[in-house]
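Sequences and hints are given; from them, build the entire structure.
4 protein chains.
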Amino acid sequence: MGIVLGASQYGKAESRVVRIYRDGPEHDIRDLNVSTSLRGDFDAAHLTGDQSKVLPTDTQKNTAYAYAKEHGAGEIEDYALTLARHFVADVAPVRSARVDVDEYRWDRIAVDGAGHPHAFVRAGQEIRTASAVVEDGEGGPSTWVLSGLRDLVVLKSTGSEFRGFLRDRYTTLAETADRVLATSVTARWRYGAARGDNPQNRPAIGPAGDWGAVYTSVRRILLARFAGVHSLALQQTLWEMGRAALAAHPEIAEIRLSAPNKHHFLVDLAPFGLENPGEVFHADDRPYGLIQCAVQRDDAPPAGPAWESAAAFA
Amino acid sequence: MGIVLGASQYGKAESRVVRIYRDGPEHDIRDLNVSTSLRGDFDAAHLTGDQSKVLPTDTQKNTAYAYAKEHGAGEIEDYALTLARHFVADVAPVRSARVDVDEYRWDRIAVDGAGHPHAFVRAGQEIRTASAVVEDGEGGPSTWVLSGLRDLVVLKSTGSEFRGFLRDRYTTLAETADRVLATSVTARWRYGAARGDNPQNRPAIGPAGDWGAVYTSVRRILLARFAGVHSLALQQTLWEMGRAALAAHPEIAEIRLSAPNKHHFLVDLAPFGLENPGEVFHADDRPYGLIQCAVQRDDAPPAGPAWESAAAFA
Amino acid sequence: MGIVLGASQYGKAESRVVRIYRDGPEHDIRDLNVSTSLRGDFDAAHLTGDQSKVLPTDTQKNTAYAYAKEHGAGEIEDYALTLARHFVADVAPVRSARVDVDEYRWDRIAVDGAGHPHAFVRAGQEIRTASAVVEDGEGGPSTWVLSGLRDLVVLKSTGSEFRGFLRDRYTTLAETADRVLATSVTARWRYGAARGDNPQNRPAIGPAGDWGAVYTSVRRILLARFAGVHSLALQQTLWEMGRAALAAHPEIAEIRLSAPNKHHFLVDLAPFGLENPGEVFHADDRPYGLIQCAVQRDDAPPAGPAWESAAAFA
Amino acid sequence: MGIVLGASQYGKAESRVVRIYRDGPEHDIRDLNVSTSLRGDFDAAHLTGDQSKVLPTDTQKNTAYAYAKEHGAGEIEDYALTLARHFVADVAPVRSARVDVDEYRWDRIAVDGAGHPHAFVRAGQEIRTASAVVEDGEGGPSTWVLSGLRDLVVLKSTGSEFRGFLRDRYTTLAETADRVLATSVTARWRYGAARGDNPQNRPAIGPAGDWGAVYTSVRRILLARFAGVHSLALQQTLWEMGRAALAAHPEIAEIRLSAPNKHHFLVDLAPFGLENPGEVFHADDRPYGLIQCAVQRDDAPPAGPAWESAAAFA
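Chains as they are written, first to last, in numbering that gives the first Met the number 0: chain S, 0 to 313; chain L, 0 to 313; chain V, 0 to 313; chain H, 0 to 313.
The set of hints was computed from the structure by calculation and includes no laboratory data.
Glycine is no exception: its CB is placed at the ideal position from the N, C-alpha and C atoms.
Any given hint might turn out to be false.
Restraint ranges, calculated between C-beta atoms of paired labels, are given here [to be verified]: (1) V:G139 x S:A310: 28 to 36 Å; (2) S:T215 x L:L273: 29 to 37 Å; (3) S:A113 x L:A109: 17 to 25 Å; (4) S:T215 x V:L273: 47 to 55 Å.
Each computed DSS-like pair below joins lysine-lysine, with the alpha-carbon atoms no more than 27 Å apart [as the list claims (entries may be wrong)]: (5) S:K261 x L:K68; (6) V:K261 x L:K261; (7) H:K52 x L:K261; (8) V:K261 x S:K52.
From chain S, some residues computed to sit far from chain V (all C-beta separations above 10 Å) [stated by the list, open to error]: (9) D22; (10) E125; (11) E134; (12) T157; (13) G277.
Dropping the structure here:
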């Protein structure tokens with residue numbers, strides 16, 4: 000019975016790359032958290048400590064900073080793609096590369112009604128995300144691109160019920176026709192193959208520069224559906240959010256949504272002689288419900304390693 | 000040589016009070032984190048375990064929720080004041096009460112260009128704060144009110160230098176005429192006595208309902224000065240921010256600013272044959288500079304216990 | 000082109016279950032963080048909002064607390080298994096259930112050299128983990144059990160080098176024959192099929208009550224190998240740690256290790272006229288290397304859904 | 000009505016200094032988080048941006064690292080004192096300096112029953128702290144030294160009651176003769192003047208090298224009293240803990256304790272036909288009680304700026 004090396008990957012996590020564009024009087028800023036992860040012919044590094052095929056994680060960090068200078072002008076999806084393609088194309092032992100980018104957004108500070116040319120204020124706690132995975136293969140590299148967001152915190156003060164659920168001997172929850180529904184949305188969407196790995200055959204929405212337009216649109220759709228759907232359960236809300244995003248965006252093959260149900264408990268004010276018709280709540284920390292679903296096209300191409308982030312390894 | 004009880008205080012920290020206003024078709028939301036802390040005749044609780052004068056922290060929590068129903072409609076400063084006055088006036092052993100409130104702001108979700116009546120999205124990571132301290136005394140209670148904000152993250156991509164500083168044998172820092180200046184501002188301002196404890200003698204800005212107007216104005220001024228001042232040091236920037244706030248708001252007696260200098264280090268790209276004229280930076284986590292100052296009127300009334308938060312106790 | 004529901008799961012995350020055993024003069028404590036996640040016939044909840052097959056997450060929480068009373072006496076692996084089996088066996092729509100448990104360990108407070116019978120102090124920041132997955136199938140349920148630990152922070156002040164690595168145009172790192180090696184180990188090991196789903200055919204180590212003995216042994220082995228292996232790279236250290244665990248424990252089919260390389264940078268003290276022969280370091284926060292690998296038997300049974308935690312969903 | 004600069008201070012926070020002692024075959028490690036804060040003649044830096052009297056925070060960081068080489072061998076109290084004395088004595092504009100040090104403790108990894116000479120594992124989540132404040136004055140500098148700990152998490156499964164408390168119209172809490180008492184202790188003790196600023200007149204316990212002995216003793220006393228005192232309230236427990244520390248250590252003038260009451264709520268299992276005689280609890284996150292008290296000698300010297308940490312500024 001032999002003991003063997005199984006899956007392995009390595010990289011540099013959380014390089015905090017800040018790129019300032021100062022070509023004109025108005026500066027721009029890109030504030031990124033970049034993680035790279037490589038797979039390939041690295042068994043010797045584990046088995047014998049031979050590092051001759053190992054590109055140091057320090058080099059991966061350097062590359063992220065250097066590429067921010069040379070290739071940082073576009074959307075984070077393009078930056079991630081360019082980096083991932085570089086590792087696979089230019090570093091021989093690398094068979095596949097994953098680049099995950101978080102972007103923190105900044106607004107211009109408003110002074111006398113106009114945006115300041117070089118002073119900024121952080122725009123919300125929501126984070127825009129992108130991931131690119133490039134994997135070498137027989138007929139050339141395959142590519143997957145994920146765009147997304149997380150920490151989008153939303154709440155409905157009515158228009159949410161939870162009734163008619165399954166009961167067993169451990170069920171004590173009362174049914175409710177009107178509750179507060181609050182969550183922090185994580186959403187990630189995977190583009191169809193045409194967009195990522197085939198520059199000659201882009202989907203109808205146009206050139207790669209449109210990643211940002213898709214992001215803005217999907218974000219708007221997710222918010223609008225969260226607001227507009229009369230919720231019978233968070234499951235149904237998530238489905239409707241994801242379905243609307245796919246209906247509007249043919250270039251998206253799949254969207255995954257993960258949403259903690261941040262419970263707001265109605266406080267019993269009766270002991271103090273007060274009524275509480277849905278007005279005063281305790282926002283609880285833990286435990287929380289956690290609802291997760293994927294919405295996809297029935298002809299979506301295979302996801303391959305798209306969802307295999309470093310966080311999922313162990 | 001005797002061993003005696005010194006300063007003591009106790010309370011309930013971080014009650015997560017959410018108040019929904021649903022009187023009309025448009026709901027409103029107040030999302031608060033409330034901490035109460037009492038001082039007074041509580042020595043027996045320590046010395047002998049006699050609880051007969053101790054109002055349980057559970058009761059303090061209940062009171063915060065009940066008052067959110069009865070007195071929650073105004074600004075957080077009024078809510079804090081009302082709670083603090085209650086503890087001092089209505090609970091015999093309490094000699095002074097401090098109520099600290101954090102408010103998380105929510106925006107309406109935009110749907111078809113209009114704000115949704117009952118669906119909200121968290122508005123940024125910035126937190127509005129208020130503290131009220133009421134202390135019983137010979138001639139009636141004294142009152143202090145602090146308003147403030149924290150986690151206001153700002154950055155200037157130019158317009159900041161750091162030169163001409165003191166050098167000793169441990170100094171290696173190069174002077175710079177152009178750097179990135181980034182910080183996360185904590186600001187708290189203390190109102191003059193008239194505003195808080197003397198309803199008959201309010202300052203010129205008007206009734207208590209104006210707390211929010213002052214908050215909005217001070218926030219705007221702090222941002223505008225951060226943007227507008229050509230910075231010779233973070234110290235000077237903070238002074239100018241605070242001074243402008245006091246100049247515009249006679250009702251403010253003192254403002255305190257605490258600002259970590261979130262260092263952005265220029266990355267050396269020369270080894271890769273690339274120039275880096277202020278374009279690519281590494282945003283570092285630790286260590287950070289920490290600059291703190293108070294700006295006040297020369298006739299400011301005594302601060303009393305205004306700045307003695309629970310965080311400062313030990 | 001149809002839009003369909005893809006993978007989905009839901010559950011209650013982070014129920015903070017504390018179980019006190021007080022049958023004799025010496026109390027014992029189990030301090031747990033329990034997360035449950037169910038898959039099954041839940042499409043209607045998404046597609047139409049029909050909750051009739053949905054066991055509320057509140058019920059899952061109740062079940063976790065009730066089972067802590069009835070079945071909480073054993074190891075966390077048994078508690079997780081019992082809960083997971085219950086959901087699959089007793090709740091009709093559930094096709095598979097995953098239960099993840101974190102355990103916080105407590106030591107008895109030492110008083111006059113003896114452990115106190117009912118006063119405890121938290122034992123370190125390291126967390127013991129267990130996961131059980133039960134999945135219904137044709138021939139009865141399949142079962143997977145993972146045990147593990149995380150936040151095991153270790154450091155070697157010598158006995159670690161990093162040399163002979165691949166260089167490209169972005170490589171600036173100097174080779175080193177002696178560095179500080181520090182990491183925070185996450186390890187999870189998967190038991191062979193016999194242990195989990197086949198009570199009649201337990202592996203040689205004995206009854207289920209031995210989970211704790213395996214945990215203690217694997218932890219000891221991981222630490223000893225981290226200490227004892229002269230490290231040529233973190234990759235090699237992890238492999239040797241995992242290999243030793245499998246060599247000693249035939250009941251383990253696979254172990255996965257995830258280890259951030261917590262960089263300690265030698266500080267340049269030359270400007271101050273001081274030498275620094277490996278004595279003064281700056282411990283950096285970000286970025287960090289992240290090294291991950293699996294070590295497994297060549298005849299390991301399929302992992303199935305064992306590694307598909309909720310954190311990995313999106 | 001003039002606007003003036005009030006209190007101000009600045010420094011470098013959270014330098015992560017790691018010092019390895021490798022003089023013999025057995026290495027030792029000191030793992031520190033060092034923050035420095037200076038007060039003095041710095042008004043011009045605020046008012047006009049003139050930095051000529053400002054020692055950069057970068058220099059303060061350098062000094063912390065350099066002193067770790069030159070003066071790092073002793074206890075953290077001595078290291079903090081030496082640093083603080085340096086800033087006041089050697090940097091002309093500095094009138095007072097505060098140095099706060101957190102120490103993370105490491106144990107040797109046990110291999111075959113013996114401690115490994117250069118491999119370590121982090122010892123618990125508890126942090127040892129020290130602060131030194133040196134303030135220039137007419138007759139030479141005054142000195143204050145604080146030692147302490149935080150994140151010492153403790154729990155009693157019985158031996159704690161809470162009864163006979165004050166009730167008002169908002170009180171719903173039931174009295175209890177047996178509850179779980181859990182907290183995370185922050186303790187800081189202030190030495191009498193003789194110890195810190197007067198090497199010629201050290202207290203009876205001996206030379207400065209005894210800081211560690213006092214730390215170990217106070218920690219042991221705090222734990223023993225937490226365990227041994229039948230608790231009528233957390234207030235009483237804290238008093239007894241502090242009193243015992245002072246009774247055993249004449250060199251301590253004052254000890255301050257801050258302790259969140261980490262509530263453990265008995266879970267109602269009756270709906271499931273189960274009794275719950277103090278066995279199954281929900282450990283809640285927020286809100287929490289927060290109990291704080293000082294225990295001091297009636298002839299304690301003035302505390303001066305000892306308790307004015309940067310965290311307490313605004």
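Status of the hints after comparison with the structure:
no. : hint                        : result
1   : V:G139 x S:A310: 28 to 36 Å : 33 Å, holds
2   : S:T215 x L:L273: 29 to 37 Å : 31 Å, holds
3   : S:A113 x L:A109: 17 to 25 Å : 22 Å, holds
4   : S:T215 x V:L273: 47 to 55 Å : 54 Å, holds
5   : S:K261 x L:K68              : 21 Å, holds
6   : V:K261 x L:K261             : 21 Å, holds
7   : H:K52 x L:K261              : 22 Å, holds
8   : V:K261 x S:K52              : 22 Å, holds
9   : D22                         : 24 Å, holds
10  : E125                        : 15 Å, holds
11  : E134                        : 17 Å, holds
12  : T157                        : 16 Å, holds
13  : G277                        : 19 Å, holds
Every hint from the earlier list agrees with this structure, and none is contradicted.
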